[in-house]
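All chains, please: the whole structure from these sequences, using the hints.
When you read off a place in the sequence shown, starting at 1, and then add 657, the result is the number in this note's numbering.
Quick caveat, the hints were computed from the structure, so don't treat them as lab data. Don't take every hint at face value.
[Claimed, not checked] Restricting the straight-line Cα-Cα distance to at most 30 Å, the calculated cross-link-like pairs of lysine-lysine (DSSO-like) are:
hint : residue 1 : residue 2
1    : K1087     : K1233
2    : K886      : K932
3    : K1633     : K1021
4    : K1029     : K1065
5    : K1087     : K1029
6    : K1233     : K877
7    : K1654     : K1745
8    : K1633     : K838
9    : K1403     : K1387
10   : K838      : K1538
11   : K1403     : K1378
12   : K1041     : K1464
13   : K838      : K1464
14   : K1633     : K842
15   : K1484     : K1633
16   : K1138     : K976
17   : K1087     : K1387
18   : K1688     : K1378
19   : K1571     : K976
20   : K1068     : K1021
21   : K1065     : K805
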Amino acid sequence: MKLKKQVTVCGAAIFCVAVFSLYLMLDRVQHDPTRHQSGGNFPRSQISVLQNRIEQLEQLLEENHEIISHIKDSVLELTAHAEGQPALPYHTPNGSWVLPPESRPSFLSISPQDCQFALGGKGQSPDLQMVAVYSLLPFDNQDGGVWKQGFDITYEPSEWDAEPLQVFVVPHSHNDPGWIKTFDKYYYDQTQHILNSMVLKMQEDPRRRFIWSEISFFSKWWENINAQKQAAVRRLVGNGQLEMVTGGWVMPDEANSHYFAMIDQLIEGHQWLEKNIGVTPRSGWAVDPFGYSSTMPYLLKRSNLTGMLIQRVHYAIKKHFAATQNLEFMWRQTWDPDSSTDIFCHMMPFYSYDVPHTCGPDPKICCQFDFKRLPGGRINCPWKVPPRAITDANVAERAQLLLDQYRKKSKLYRSRVLLVPLGDDFRYDKPQEWDAQFLNYQRIFDFLNSQPSLHVQAQFGMLSDYFDALYKKVGIVPGMKPPGFPVLSGDFFSYADREDHYWTGYYTSRPFYKSLDRVLEAHLRGAEILYSLAFAHARRAGTDSRYPLSDYTLLSNARRNLGLFQHHDAIAGTAKEAVVVDYGVRLLHSLMNLKHVIINAAHYLVLGDKDTYHYDPAAPFLSTDDTRLNQDSLPERAVVKLDASPRFVVVFNPLEQERLSVVPILVNSPHVRVLSEEGQPLPAQLSAYWGSATDTVPNIYQVSILTRLPALGLRVLQLHKTFDSHTTLKSSVRLYLHGRDLPVRKHEALPVHVFPATTDDFCLENQHLQACFSGLSGLLQSIRRAGEDREQRVSSEFLIYGTRASKDKSGAYLFLPDGEAKPYTPKDAPVVRVTEGPFFSEVASYYQHVQTVVRLYNVAGVEGLSLDMSCLVDIHDHVNKELALRFSTDIESDDTFFTDLNGFQIQPRRYLRKLPLQANFYPMPAMAYIQDMQSRLTLHTAQALGVSSLSSGQLEVILDRRLMQDDNRGLGQGLKDNKRTCNRFRLLLERRTTANKVQDGRPISFPSLLSHITSVHLNAEVLVMPVAQEKLAPSALRSFLPLSTTLPCDFHILNLRTLQAEQDDSQPSAEAALILHRKGFDCSLEAKNLGFNCTTSQGKLALGSLFQGLELSSLQPTSLTLMYPLGAAPNSTTIHLDPMEIATFRIRLG
658 MKLKKQVTVC GAAIFCVAVF SLYLMLDRVQ HDPTRHQSGG NFPRSQISVL QNRIEQLEQL
718 LEENHEIISH IKDSVLELTA HAEGQPALPY HTPNGSWVLP PESRPSFLSI SPQDCQFALG
778 GKGQSPDLQM VAVYSLLPFD NQDGGVWKQG FDITYEPSEW DAEPLQVFVV PHSHNDPGWI
838 KTFDKYYYDQ TQHILNSMVL KMQEDPRRRF IWSEISFFSK WWENINAQKQ AAVRRLVGNG
898 QLEMVTGGWV MPDEANSHYF AMIDQLIEGH QWLEKNIGVT PRSGWAVDPF GYSSTMPYLL
958 KRSNLTGMLI QRVHYAIKKH FAATQNLEFM WRQTWDPDSS TDIFCHMMPF YSYDVPHTCG
1018 PDPKICCQFD FKRLPGGRIN CPWKVPPRAI TDANVAERAQ LLLDQYRKKS KLYRSRVLLV
1078 PLGDDFRYDK PQEWDAQFLN YQRIFDFLNS QPSLHVQAQF GMLSDYFDAL YKKVGIVPGM
1138 KPPGFPVLSG DFFSYADRED HYWTGYYTSR PFYKSLDRVL EAHLRGAEIL YSLAFAHARR
1198 AGTDSRYPLS DYTLLSNARR NLGLFQHHDA IAGTAKEAVV VDYGVRLLHS LMNLKHVIIN
1258 AAHYLVLGDK DTYHYDPAAP FLSTDDTRLN QDSLPERAVV KLDASPRFVV VFNPLEQERL
1318 SVVPILVNSP HVRVLSEEGQ PLPAQLSAYW GSATDTVPNI YQVSILTRLP ALGLRVLQLH
1378 KTFDSHTTLK SSVRLYLHGR DLPVRKHEAL PVHVFPATTD DFCLENQHLQ ACFSGLSGLL
1438 QSIRRAGEDR EQRVSSEFLI YGTRASKDKS GAYLFLPDGE AKPYTPKDAP VVRVTEGPFF
1498 SEVASYYQHV QTVVRLYNVA GVEGLSLDMS CLVDIHDHVN KELALRFSTD IESDDTFFTD
1558 LNGFQIQPRR YLRKLPLQAN FYPMPAMAYI QDMQSRLTLH TAQALGVSSL SSGQLEVILD
1618 RRLMQDDNRG LGQGLKDNKR TCNRFRLLLE RRTTANKVQD GRPISFPSLL SHITSVHLNA
1678 EVLVMPVAQE KLAPSALRSF LPLSTTLPCD FHILNLRTLQ AEQDDSQPSA EAALILHRKG
1738 FDCSLEAKNL GFNCTTSQGK LALGSLFQGL ELSSLQPTSL TLMYPLGAAP NSTTIHLDPM
1798 EIATFRIRLG
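Shown next, in the form of structure tokens:
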């Protein structure tokens, strides 16, 4: 009614204006003094005067027509605004597009107390700060004698007289879920035999112990054994012979993995253990990841583990910590104001976790106590002294020799309890090996324990036996801080195992799969949340019997495939080529399945009348947004075919915040009009779809729609084929060929201007910033923020690293460059294509091995405040080369830069000149930044890659690496299976308003809120699902808005994960795990025009009223992986979270 009134008033106004302007026109024609003069000097013929007047009248009519059409547009805008739809952009005389102002309130202010956290300053500083330790050490790699990377250890035999040495020998078998062989091949060839022998052999002697870590293997074996064997396993666990350590699905890589996936594989393992064996892991065991992130101790601590062990740490740090007895410490988060994140950590001191490097400092001696290497076996000791079986005749001499090693190792630690791992990769796969190790060691233990004068007690133990004995010695309960042990904060990247062999290559190795991993992760999170919501709504409506519950199995498999890929030889890119293909097939399979889970949930949730819901697996209601032909193909986007009746699309926003986004859809006709579900026209940009630098794809067009998407919601749009669409605005294209003679194929419908020669530098701008590019290279040169005079130099270039000419060369693990990078020099100049339009403009530069697109969104708020970048890389014809992208700026960052750990937290880094170039690279799973007093430049990434800042003002990232040889770490292959890979980034320039030197000197930093939200925008892309059926009543579908209130800006819904049913793990239960993360953020970065519609709440969130149309019938806070309830269920449904904390709640919606 109100709308009709507005239209009537405006219509009347138009009529009045038209009449009035005609009256003015006639008036001007009659009384124009200049015309009187021109006619008065000389009597001209009446006809020509009349002709002049008619022409003037025509011109005035033309002007009037324009005025009227402008008013008409304003009316449309008004009516659109009445519906809350975005208004139409218009073109200014200088050629740029202007968006009408937003009708919505923009950023709501942050309360000052929420800014206190990033300022820190409450807690006491740790004893060991890793950035400081790195600055301190000489890294001189001196020869330490038998312990080559250490020093000579001496002791007095009487040292243990007062307090005997307590030794725990911990048998273990490290099982990689894929490396040289695939997961299944390892299982059939080795792992099943290890576990079968374990059940048999552990029952022979109650003193035997064993630990196991990878639940992916264990669960597969469990499904294949009978109930009798299962009962035997439960007995072994129950009587303390077998321990499950860490209990994750895998032992994850800690450099490239994202915290969502790290937590998910931990939950998957812990839930499996609880369900099948009834056990909760107590200690963490990570002997093989190549460097360690401080995210892991946080996740283990929040899962209620009390101790953890690590091994692959830089040899210089091991030596330093050994010399100062700091190999055991309380590991604390850098941001922790008290000690609530502390977890006890044991660092192994020597080169490896194999037997020669675990009994003590001399591998030549320790190898003699690896009884798998007894003469006649398949493996021997490289030090040329074989083991000897233990007999009554030699036991005294052998035991004494081993005890000497134990005592020396013990001198590196603060307590009189000693941990001695006994195992290696895929050990104990034959009964003979169990006998050789367990019988010979038992004879040694029996002898040592029978000699009081030796002051030693030795036995087999599990990992937690060691920690428990240590805690008991120092008189505390597990989880408390033992007195006299140091507190450490920071991480253990980057890792070198010898000389200058830094394991920094795997931060980028096989980037195609690192990217696919994150695509799958985003789909899994989206599918979990939508499935949980759809299932809850279906239960509430009583239609859950018609809902495809089989989707739960697809979800479960996807969790396991994503979990498997977090393994430290999978996402790391360090497995054999055939194994990589096996991982790829699993990832792709789950990606396709998750698209179906999302489609089924979206179908149910957008139906206006839920009673009409019908699940038909043969004919899905919605179709997928894209398809991938093979596990190593890039996605091909779906094309919506338009005809006379409207086509509907459902758009899913997986973020917990509303977003104003440009949604791209491919269509088969340029004659397209976009309407909202209510039938209001939506503004859209029409552009060509390019198959190559100079060829448009015939009959495919991209329509980009500016629309506001509800948080975690589904929006319905309609596409119409129409020849009259003033709301669909065309983009224009300039193509610079740089003297290359190339044919250009273009559409009639869209203008393309071809320039054969080189152009001058040029700029693109939106309301927030201006980006300028080199006319020659098409690459970014500078960024200027709106309202500022000063341009910030941000020039980008591609570089090539070679590898060494000498014996050791780069491979899958190692980065061993032949010096500094050299400029990338392709054989041809690039083709540069500039597209300009109302909602986005972009510059695409086509080089021989890389195509880069820099896009600027002309949108208010988050999307328009950063530059969207992508690099399509294909280096399959390179030999021993690595391609890097470097940004050079005038930011005075000196030697400091910042990289994230697992997308969870930020770790400051120092460029150290005393270290080789490759040592200064670090993992970048989500972002890296440099800053000075005025500015911060952040590179956000959608896939994990290696990053560094090699000089002040620089940031560089390795995009791909092709290496022809193995780097002698066991893989036996180079990296020659490169794929066409698309790397996606966002480049965000922010002004710092209140920076100070003291603040910047602290070993801690946080992104701004804008930076956090930019990161989730990049990582959680909008999903577009066309309705498969051509004909549909317009009223049949309704947008779905799941949240009844806006979440605080600093809260992130990490997951809403439906839990499995008690009886049948292929079925869902009515309970879900809600996992929330409250982000820590820095308020000192300018925060105007952010366009959020959220604020912060001091960490408070009312869960009871959060989900629209659903009741929260139960709420139980639990440990991170749901193993332990935390206190009684609260009376209130309002929860509180401290900054940086991740919390899990067991909830029931319905």
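Here is how each hint holds up against the structure:
no., hint, in the structure
1, K1087 x K1233, "holds (25 Å)"
2, K886 x K932, "holds (17 Å)"
3, K1633 x K1021, "violated (37 Å)"
4, K1029 x K1065, "holds (24 Å)"
5, K1087 x K1029, "holds (10 Å)"
6, K1233 x K877, "holds (22 Å)"
7, K1654 x K1745, "holds (24 Å)"
8, K1633 x K838, "holds (18 Å)"
9, K1403 x K1387, "holds (14 Å)"
10, K838 x K1538, "holds (27 Å)"
11, K1403 x K1378, "holds (21 Å)"
12, K1041 x K1464, "holds (25 Å)"
13, K838 x K1464, "holds (27 Å)"
14, K1633 x K842, "holds (23 Å)"
15, K1484 x K1633, "holds (22 Å)"
16, K1138 x K976, "holds (24 Å)"
17, K1087 x K1387, "violated (70 Å)"
18, K1688 x K1378, "holds (14 Å)"
19, K1571 x K976, "holds (18 Å)"
20, K1068 x K1021, "holds (19 Å)"
21, K1065 x K805, "holds (15 Å)"
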